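Note that UniProt numbering numbers the sequence shown so that position 64 is 64, with each residue one more than the last.
Treat the hints as calculated values from the structure; they're not laboratory data. For clarity, every value in this text was computed on a predicted model and none was experimentally measured. Some hints here could point you the wrong way.
Straight line, CA to CA, 30 Å or less: simulated BS3-like cross-link-like pairs of lysine-lysine [claimed, not checked]: (1) Lys-51 with Lys-6; (2) Lys-6 with Lys-34; (3) Lys-51 with Lys-131; (4) Lys-68 with Lys-53; (5) Lys-106 with Lys-6; (6) Lys-68 with Lys-159; (7) Lys-106 with Lys-34; (8) Lys-6 with Lys-53; (9) Lys-153 with Lys-131; (10) Lys-153 with Lys-106; (11) Lys-106 with Lys-53; (12) Lys-34 with Lys-53; (13) Lys-34 with Lys-51.
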Amino acid sequence: MDVGDKLTVSYQVGEGGSLDVDFMIMNPNNEMIKSNPREASGHHTVVAPSKGKYTYCFSNRMSSIPAKSVNFNVHDMEHIQESAQKDIDPIEREIRELAESIFVIKDEQEYIVARERQHRDTAESTNARVKWWSIGQLSLLVAVCFWQVFYLKRFFEVKRVV
């Protein structure tokens, strides 16, 4: 990246454990310039202060669940070219802005789909737990009812000594 270029990385942990990963962006000197520890999602933008190769890294080191699914997008890699921007036709400039807006909408839609899948899985597992809890309570209630009937029958039974 050149000085002043912009890089945006957005990510969403889809599945695996507590849905968190460590995220970091490093400059060409291998120094960390952005860090987002133990987060399920993030959206980070970096404007390059110096020329060179910038790297981003997802880490799962602190998690007990080794496998995780991460959806991420790298976008807005804008190279600043002022002289080229002046020569662009206004219609072409609008088309570029619309294309950029479409990419943003696509990223947001992917994020929403991933969140919907995560919420659906949570709702389904909660419904299954509620179902089994209700079946357990019903079984216990029926057992207690039978025990009470049996106990009350024996309580009111007349015992005669002959």
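Consistency of the hints with the structure:
About 12 Å separates the Cα atoms of Lys-51 and Lys-6, which keeps this hinted pair within 30 Å; it holds. Only pairs whose Cα atoms come within 30 Å are accepted, and Lys-6 paired with Lys-34 is accepted, the gap being roughly 14 Å. A C-alpha spacing of about 59 Å is found between Lys-51 and Lys-131, which places the hinted pair above 30 Å, so the restraint is violated. Among the hinted pairs, Lys-68 with Lys-53 is consistent with the structure: their alpha-carbon atoms are about 27 Å apart, no more than 30 Å.
Restraint check for Lys-106 and Lys-6: the C-alpha separation of about 19 Å stays at or below 30 Å, so the hint holds. For the hint pairing Lys-68 with Lys-159, the CA-to-CA distance comes to about 69 Å; that exceeds 30 Å, so the pair is violated. Distance restraint check for Lys-106 and Lys-34: the Cα-Cα separation of roughly 24 Å lies within the 30 Å cut-off, and the hinted pair is therefore satisfied. Between the alpha carbons of Lys-6 and Lys-53 the distance comes to roughly 13 Å, so the proposed pair stays at or under 30 Å and holds.
Taking the CA atoms of Lys-153 and Lys-131, the gap is about 33 Å. The hint is violated against a cut of 30 Å. Using a Cα cut-off of 30 Å, the hinted pair Lys-153 and Lys-106 is violated, with the two alpha carbons roughly 70 Å apart. Straight-line distance between C-alpha atoms of Lys-106 and Lys-53 comes to about 27 Å, which keeps the hinted pair within the 30 Å bound. Between Lys-34 and Lys-53 the alpha-carbon distance is near 15 Å, which keeps this suggested pair within the 30 Å criterion.
For the hint linking Lys-34 to Lys-51, the alpha-carbon distance of about 17 Å falls within 30 Å, and the restraint holds.
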